[in-house]
Amino acid sequence: MSQDPLIIAGRTFRSRLWVGTGKYQNFEETRKAIEASGADVVTVAVRRVNITDNKSDNLLDYLDPKKYTILPNTAGCYTVEDALRYSRLARAAGVSDLVKLEVIGDERTLFPDTAGLIEAAKILIAEGFVVLPYTNDDPIVAKKLVDIGCPAVMPLAAPIGSGLGIRNPYNLKIIMETVNVPVIVDAGVGTASDAALAMEYGADAVLMNTAIAGAKDPLMMATAMRYAVDAGRLAYKAGRIPRKLYATASSPIEGML
Amino acid sequence: MQIVVNGEQREVDEPLTVAQLLQTLHLRSEQVAVEINLKILDRGDFLTWNLRNGDKVEILSFIGGGSPRRAEYKG
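Listed in order, the protein sequences are those of chains A and B. By the working numbering, the letter at position 74 of the first sequence is numbered 74, and the numbering carries on one by one without gaps. By the working numbering, the letter at position 18 of the second sequence is numbered 1018, and the numbering carries on one by one without gaps.
Only chain A is shown next, with the shape it has when bound in the complex (with noise of 0.2 Å):
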C-alpha cells in the first residue's frame, strides 16, 4: 500500500491506520503493538510528569521520532480555554505544530463540544497549528471545520472506547462527499470489520486506541486491523458490485446438457 500515501497539510503518512497510545499495560507493550499496526502516526496525550519516581520511563523513549509522526491530543479537555493550554503545552513538549483537538462535551459519552471545536480551531490555525480536530458525525460541523482551515476532519464512529462500530455510515458518507480534505475516522471501531468497513465507505484513514489496547491480545488485533484496513482501502478503490435484490448466474447456462 505504499503507493497510496495519504497527505494532509503537505505531510505524507504511509499507513491509514493511526493509532493511540493509551490504555497498554506497559510502554514494551504499546511499542511492539504500534509496531504490529504499521501505524506511522500515533497519538499522545499531555499530562503531568511523575515527579516523585525519577526512574520512571518516559513513552518518547519508545517511540522513535523519525519512524513515527507524534500527534498530542487534547484529551480530557471540556473547555475552550483548556483545549488552547495544552495545545500550547503540547506544542512546546514536541516537536510540530500538529494537534489533535478534542474539546469533549459530556462525560458520559465523550461526544464533542462541536462549539467548542470550532471556536478553539479557530484561534489554534491563526496561531499557526495544523488542527486535526475530533468531531461528530455532522456533515455541517464538518464543513465548518474544513472552512476555517482544518486540513483534514476526525469524525467518530461511536462513543470513545465504546467499540460500537459505525453508527451512522450515512452522515459519514455525506462528509466524505462534502468536504474535500482527508476524512479520518476516529473512535467507537471494535473490531476489524468496522475498521475494514469505514475505509470501504471512502474513509482516508482510521484512527483508534481501545480496539486494540483493550482486546484479549493486542498484538493480534493490531496486526488484524493493519490488514482491515488495507482490504478496506483496496475494496473502495477496485469499486463493489451493486447491490441487487435477485440472484445472477456466475457460470454460463451454454453448453449445459
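By construction, these hints were calculated from the structure, which means they are not laboratory data. Glycine included, each C-beta is placed from N, C-alpha and C at the ideal position. Honestly, I wouldn't trust all of these hints.
Which bits of chain B does chain A cover? Going by a derived footprint, with three or more residues having C-beta under 8 Å, they are [unchecked claim]: (1) 1002–1013; (2) 1022–1029; (3) 1034–1045; (4) 1055–1065.
We have chain A already, so just place chain B on it with the hints.
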C-alpha cells in the same frame, strides 16, 4: 526559597534555573513542556530562566492517550 512543582510544595536552593530543576528531577528538557505561573516557557530559555520564590511550576510530558479520563492537571 519555596516553589510549587506540579502541585507539590518544594524547598529549593537559590539560584535555580529551569534546566537545573529538570536535572534534579532527572527529566530531559527535550521531553517536557514547562509552564511557570501559567506562562509557557520556550525550551531555549530553560538554561537561563531563574525561578523565583513562590513560582508555580508545571512540568508536562507526553503519555499514552487518548485515554478518556478527565485531565488531572488543572491550573
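Now the hints, each set against the structure:
no., hint, in the structure
1, 1002–1013, "holds (count 4)"
2, 1022–1029, "holds (count 4)"
3, 1034–1045, "holds (count 6)"
4, 1055–1065, "holds (count 8)"
Checked against the numbered hints listed earlier, the structure breaks none of them; every hint is satisfied.
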